[in-house]
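Participant: So you can see what is in the structure, the chains are spelled out below.
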Amino acid sequence: MVQPKLRVTLLTGRTIEQGVGKEQGKSSHGYFEACSMVYMDAEDMKKLGVRNNTNVLVTTPNGSVVLKAVKYTRGSTPGLIYIPYGPWANAIVSDSTTSIGMPSFKGTPAEVEAAPDKPVLSMKELFKSQFGR
Amino acid sequence: MAEMLIKNGFVFDPINRINGEKMDIAIKDGKIVGSVNERRAKKIDATGLTVMPGGVDIHTHIAGAEVNTGRLMRPEDHVKDVVRKTPLTRSGVGYSIPSTFVTGYRYSKMGYTTIMNPSMPPLEAKHTHEELNDTPMLDKASYPLLGDWWFVLEYLRKGDLTECARYVAWMMGTSKGYAIKIVNPGGLESWGFGRNVHSIDDEVPNFCITPREIMCGLAKVNKMLNLPHTIHLHTNNLGLPGNYATTLETMRALESVASGDKPVAHITHLQFSSFAGDGWGNMRSGAEEISKYINAHNHITFDMGQVIFTDTTTMTADGPFEYTLYELSGHKWVNTDIETETSGGIIPFHYKRNNAVNATQWSIALELALLIEDPWKMFLTTDHPNGGPFFAYPKIIAWLSSKKARMATLKKCHKKAQKKSLLPSITRELTLYDIAIVTRAGQAKALGLKEKGHLGVGADADIAIYNINPEKTDIARKYKTARRAFGNAAYTLKDGKVVVKDGEITQHVDGKTIWLDVQTAEQVKVDEEMKRRFKEYWTVEYDNYPVFDHYVKVPSPITVKADV
Amino acid sequence: MSIVKAVTCPVCGSLCDDIELTVENNEVVKVKNGCAMCESKYLGYKSEHRIRTPLVRKDGKFVPVSMDEAVHKAAEILANANYPILYGWSSTNCEAQRVGVELAEEVGGVLDNTAVVCHGPSILSVQEVGIPTCTLGQIRHRADLMLYWGCDPWSAHPRHLERYTSFTEGRFEDSAWKAYLQKVKAAAGKKKLVSAERLEFVKSRPRPQTQACTISGPPQTLKKDGRKLIVIDVRKSMTAEMADYFIQVEPNKDYEVMQAIRALVRDHELDVDKVGGIPVEYLEEVADALVNCNFGVIFFGMGLTQSAGKFRNIDVAISLIRDLNRRTKFAIMPMRGHFNVAGANIVSTWQSGYPYGVDFSLGYPRYNPGETTCMDVLLRGESDASLVIAADPGATFPKRAVEHMVKTPLIVIDPHMNATAMLADIVFPSAFVGIEVGGTAYRMDNVPLPLKKVVEPPAGILPDEEILKRILEEVRIIKAQKMAKQAEAA
Chain A
1 MVQPKLRVTL LTGRTIEQGV GKEQGKSSHG YFEACSMVYM DAEDMKKLGV RNNTNVLVTT
61 PNGSVVLKAV KYTRGSTPGL IYIPYGPWAN AIVSDSTTSI GMPSFKGTPA EVEAAPDKPV
121 LSMKELFKSQ FGR
Chain B
1 MAEMLIKNGF VFDPINRING EKMDIAIKDG KIVGSVNERR AKKIDATGLT VMPGGVDIHT
61 HIAGAEVNTG RLMRPEDHVK DVVRKTPLTR SGVGYSIPST FVTGYRYSKM GYTTIMNPSM
121 PPLEAKHTHE ELNDTPMLDK ASYPLLGDWW FVLEYLRKGD LTECARYVAW MMGTSKGYAI
181 KIVNPGGLES WGFGRNVHSI DDEVPNFCIT PREIMCGLAK VNKMLNLPHT IHLHTNNLGL
241 PGNYATTLET MRALESVASG DKPVAHITHL QFSSFAGDGW GNMRSGAEEI SKYINAHNHI
301 TFDMGQVIFT DTTTMTADGP FEYTLYELSG HKWVNTDIET ETSGGIIPFH YKRNNAVNAT
361 QWSIALELAL LIEDPWKMFL TTDHPNGGPF FAYPKIIAWL SSKKARMATL KKCHKKAQKK
421 SLLPSITREL TLYDIAIVTR AGQAKALGLK EKGHLGVGAD ADIAIYNINP EKTDIARKYK
481 TARRAFGNAA YTLKDGKVVV KDGEITQHVD GKTIWLDVQT AEQVKVDEEM KRRFKEYWTV
541 EYDNYPVFDH YVKVPSPITV KADV
Chain C
1 MSIVKAVTCP VCGSLCDDIE LTVENNEVVK VKNGCAMCES KYLGYKSEHR IRTPLVRKDG
61 KFVPVSMDEA VHKAAEILAN ANYPILYGWS STNCEAQRVG VELAEEVGGV LDNTAVVCHG
121 PSILSVQEVG IPTCTLGQIR HRADLMLYWG CDPWSAHPRH LERYTSFTEG RFEDSAWKAY
181 LQKVKAAAGK KKLVSAERLE FVKSRPRPQT QACTISGPPQ TLKKDGRKLI VIDVRKSMTA
241 EMADYFIQVE PNKDYEVMQA IRALVRDHEL DVDKVGGIPV EYLEEVADAL VNCNFGVIFF
301 GMGLTQSAGK FRNIDVAISL IRDLNRRTKF AIMPMRGHFN VAGANIVSTW QSGYPYGVDF
361 SLGYPRYNPG ETTCMDVLLR GESDASLVIA ADPGATFPKR AVEHMVKTPL IVIDPHMNAT
421 AMLADIVFPS AFVGIEVGGT AYRMDNVPLP LKKVVEPPAG ILPDEEILKR ILEEVRIIKA
481 QKMAKQAEAA
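Quick mapping for you: the protein sequence lines, in order, are chains A, B and C.
Taking the numbering used here, I'd label the letters of the first sequence as residues 1 to 133.
Taking the numbering used here, I'd label the letters of the second sequence as residues 1 to 564.
Taking the numbering used here, I'd label the letters of the third sequence as residues 1 to 490.
Hints were generated in silico from the structure; no laboratory data involved.
Just to be clear, a hint being listed does not mean it is correct.
What the hints assert, rightly or not - Computed, partial: chain A to chain C, Cβ under 10 angstroms:
| id | residue |
| --- | --- |
| 1 | Asn-55 |
| 2 | Gly-75 |
| 3 | Thr-98 |
| 4 | Gly-101 |
| 5 | Ala-114 |
Stated by the list, open to error - Some chain C residues well away from chain B (every beta-carbon gap over 12 angstroms; in silico):
| id | residue |
| --- | --- |
| 6 | Lys-185 |
| 7 | Gly-381 |
| 8 | Gly-438 |
| 9 | Leu-449 |
Glycine included, C-beta positions come from ideal geometry on N, C-alpha and C.
Let the hints inform the model, and build the full structure from the sequences given.
Facilitator: This is how it looks when you write it as structure tokens:
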């Protein structure tokens with residue numbers, strides 16, 4: 001069976017949980033919880049057959065990463081996914097700076113698919129896989 | 001510390017009435033002394049050279065929030081004037097808003113040793129002082145902007161001069177400031193809601209007070225506190241055609257505060273306040289009327305605000321004026337209003353010879369400087385960087401001291417400006433003695449800096465030596481020689497140390513920061529009520545507002561005993 | 001036990017300076033007035049993530065070393081590098097930043113701060129069109145209209161509204177707090193009604209609409225007296241929920257929406273029905289509100305600087321403010337993130353002329369974002385060493401940029417074992433600025449505030465400024481030795 005995939009626009013940004021987590025320490029559990037997730041629209045999740053708090057694989061031309069999908073409860077955002085700033089988001093954001101030094105952290109195309117069996121990597125595991133450190 | 005002897009120079013020291021006399025200057029421990037041990041002292045041979053006190057600048061925007069925003073917004077200004085790192089000096093950028101280190105070096109190369117930074121919003125005073133710490137080679141002080149401060153407006157409105165004076169005294173210490181700066185009084189508070197005042201009797205919205213009441217009130221407060229400088233005033237309607245009338249009215253209003261021959265107000269960058277005409281089309285010089293008044297009265301000093309034909313950056317606390325410039329030019333525009341205190345604006349500006357208004361402005365400043373007879377009332381500035389960058393001072397010296405020099409420039413100006421200019425009819429040429437007054441002695445005197453601007457015993461050994469032999473060189477004819485000499489001092493001494501030789505920095509020294517510790521009989525009451533009021537007025541806590549002592553690298557406070 | 005008042009919080013650009021800390025046995029035990037991030041910082045700074053000693057990577061593992069050894073190793077790397085990057089600076093004090101510029105100049109490196117990934121584009125726009133702005137108190141006293149565009153202060157600057165904008169008492173404007181409370185009460189009432197409906201206690205009625213732009217007509221709240229709060233964002237944020245008016249713009253469409261508003265402010269008519277997914281009549285309503293206020297302000301954030309258009313979005317936002325100033329009084333302000341990123345720009349500017357992305361490799365400062373920022377240098381793979389201080393590019397830079405950073409020697413100075421430190425070759429533990437060391441920081445409106453030292457740092461842990469000074473000194477020694485050797489050889 002072919003996995004359904006959803007084309008979306010990827011935004012990365014600040015959440016209060018990420019803000020609190022980063023002050024506790026980047027290797028804290030709070031930071032991991034806050035950043036290794038993706039906010040999705042409820043309808044979109046239904047389309048993919050993804051339940052709240054289960055894992056998805058997000059892919060862009062820059063790479064892919066497994067994140068926990070969380071339903072966005074404040075209004076609808078069809079076709080939009082939102083990942084808090086952090087190494088997980090950075091694994092897939094566009095590094096195109098359009099010649100002014102600023103990467104494209106917001107508004108780049110991505111694909112999402114359900115990945116209930118794939119694990120979310122810890123920061124250490126993520127770095128090991130990316131940089132060998 | 002080493003003793004030093006500057007031998008055989010032509011000394012120009014107007015405060016001590018020394019006019020080109022050939023003599024020696026002795027230095028010990030950074031001060032001028034009567035004599036030193038000839039044998040032991042290090043000697044500088046100044047034979048054939050001109051010796052003057054170190055230059056003093058009464059008004060130059062070189063540090064603080066506004067200057068720095070100017071730097072930030074103008075990379076195109078920096079790129080044409082880059083400064084390399086050397087083993088002795090830091091790198092940076094120059095031109096109209098030089099980086100802090102370069103500012104210090106360039107002033108020092110011209111033989112300047114003391115500068116006044118005239119526009120400090122008290123809320124951002126820490127910023128000013130942090131930058132001054134990184135401005136080497138110079139002693140410096142700053143004027144806090146107080147003319148639209150709510151406390152001042154409220155106490156003056158109530159007629160409570162004593163309490164107003166106490167708060168001004170408190171603010172001098174709190175912001176580590178040196179003089180009361182007033183900019184477009186009333187206009188800056190009005191600008192908070194996008195309005196302005198248009199005459200000295202316009203009422204300030206929400207505060208029921210007029211610019212006249214603010215200026216006269218603060219001039220009285222200045223006297224009550226015995227501050228060494230007068231109020232430092234940027235007039236209403238600055239930069240607008242016809243404003244010479246406002247300036248005359250302002251000076252007349254201040255007569256009420258004057259007594260004897262002592263000045264009670266310094267009108268800064270007077271050129272910008274001396275426009276006649278009723279629109280840009282027929283804008284012309286008001287210098288004749290203004291100079292007539294100043295020649296007949298002794299309560300005013302002023303600085304020129306000379307315009308230089310170049311690309312520069314205008315910046316002033318006069319937010320509404322900068323808005324006018326924005327409307328005129330459509331250029332990139334910064335506005336920065338400061339809560340409870342003041343406002344500010346920045347616009348890059350290119351003064352052009354072939355622009356009738358710009359050329360007239362250029363002429364006005366020189367007309368004022370030359371028509372006002374007493375050089376002790378007049379000081380050389382460009383209102384850096386508003387009229388042009390400070391390193392153009394040698395050009396101005398040439399224009400002031402040589403009719404040939406100014407006519408050469410006037411000839412290249414817009415025809416309309418040429419026709420209207422009073423310069424062809426003015427024959428006066430300032431001598432080296434006059435130049436020493438308008439670039440150091442007069443400025444130090446107006447500032448009440450007793451150890452600056454002269455070479456008498458006890459003065460700071462801040463000295464400039466220029467490569468001009470007054471016996472051989474007539475600066476009125478050889479104005480290019482003079483220009484070169486004043487731009488590249490043969491020697492600059494700061495506190496008795498040689499910091500420049502042949503126009504090159506030989507040593508990086510930190511200058512002092514000067515401020516006033518004004519002692520009033522009764523001080524401002526700092527109680528819970530005051531702190532509560534403070535919290536209402538500002539968005540920072542009372543405890544975090546003052547410029548603490550550690551913000552000043554080399555402190556040099558002056559204690560002032562007030563009459564209140 | 002002692003209570004320290006008027007402490008400046010070293011977390012975000014709001015730089016709240018009314019924090020009250022209770023200190024017991026050289027440890028902060030209680031935080032008053034702070035937000036969640038503030039509390040997290042003051043209570044969490046001593047966590048297990050703290051680095052205790054300088055570390056050097058040997059055979060892939062960190063080994064503790066002495067301070068002197070770490071300083072020497074770091075200095076050697078920097079002194080021998082051709083094109084090193086010195087990045088970060090936004091979570092430290094201005095005193096350390098000053099030494100940083102000097103160090104970058106000494107080693108001929110690229111000095112850059114976190115503005116490159118937050119408000120760098122805003123700075124580029126200021127350099128294009130200027131910026132009409134003011135201090136936050138001016139807004140508190142006077143503003144009757146706040147528009148937050150592409151930012152969510154509730155999450156990133158939690159006390160912004162209560163200290164500086166909608167919910168504060170000013171001289172000429174009252175707090176909108178009461179009106180907000182009423183709104184919340186009404187909303188709670190509505191919720192009860194809805195749940196009652198669900199329970200079928202009352203007869204079913206048509207459900208009241210929310211105030212998003214999906215409703216049939218613009219809401220009436222923009223006509224109310226007093227302070228108004230408008231939020232424009234791609235998703236309904238917490239801040240948006242508090243707003244009088246929320247407009248949901250399609251991602252990457254901010255530019256055209258703003259240009260449309262600009263046209264409307266200039267009294268042009270739009271001959272389309274929708275812009276960026278928003279019906280024009282709503283934009284007209286917003287334009288009316290903007291023109292008719294006494295003092296308005298736009299705050300903007302990463303929603304504009306990081307999405308399509310980047311600095312052009314800010315260009316048009318500032319241009320809108322320029323236009324609005326011909327009609328009324330208006331200001332605009334970037335929501336600065338790190339507590340002293342503004343200071344990093346300011347210090348860099350007064351010493352070098354440029355706010356970020358300064359290249360000293362030619363012996364004088366050069367600035368050309370797109371070429372000279374550390375992001376450009378990393379993505380081109382040109383740098384041959386990095387020093388990272390008071391920022392965490394390991395957690396904030398795109399993967400490819402970090403990849404190159406890790407390939408070359410990496411020195412990190414930080415109190416915590418952050419993401420970059422985990423990847424580093426040399427790690428210096430430093431004292432927490434604003435907790436264990438004082439100094440100065442600049443608020444988002446460029447107002448300088450003193451930071452307080454409230455507790456002693458752990459034994460042997462130095463402030464950033466001190467560590468940098470020691471590295472700088474060592475670099476100078478190594479360079480002098482090198483020169484002497486070359487002279488000898490010649």
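Participant: Should the hint that Asn-55/A touches chain C count as held when the rule is a Cβ pair under 10 angstroms?
Facilitator: violated, 20 angstroms
Participant: Against chain C, is Gly-75/A within 10 angstroms by beta-carbon distance?
Facilitator: holds, 3 angstroms
Participant: In terms of Cβ atoms, is chain B entirely out of 12 angstroms range of Gly-438/C?
Facilitator: Nearest chain B Cβ is 9 angstroms from Gly-438/C, so the label is violated.
Participant: Against chain C, with CB atoms and a cut of 10 angstroms, does the hint on Gly-101/A hold up?
Facilitator: holds, 3 angstroms
Participant: Holds or violated: the hint that Ala-114/A contacts chain C, with Cβ atoms closer than 10 angstroms.
Facilitator: Result: violated, 22 angstroms to nearest chain C Cβ.
Participant: Closest CB-CB distance from Lys-185/C to chain B, is it above 12 angstroms?
Facilitator: holds, 28 angstroms
Participant: Taking the least C-beta to C-beta distance, is Thr-98/A closer than 10 angstroms to chain C?
Facilitator: Result: holds, 6 angstroms to nearest chain C Cβ.
Participant: Over 12 angstroms to the closest beta carbon of chain B is the bar; see if Gly-381/C clears it.
Facilitator: holds, 26 angstroms
Participant: Quick check for students: does the CB of Leu-449/C sit more than 12 angstroms from each CB in chain B?
Facilitator: Leu-449/C not clear of chain B: closest Cβ-Cβ about 5 angstroms, inside 12 angstroms.
Checked against the numbered hints above, the structure breaks hints 1, 5, 8, 9 and satisfies the rest.
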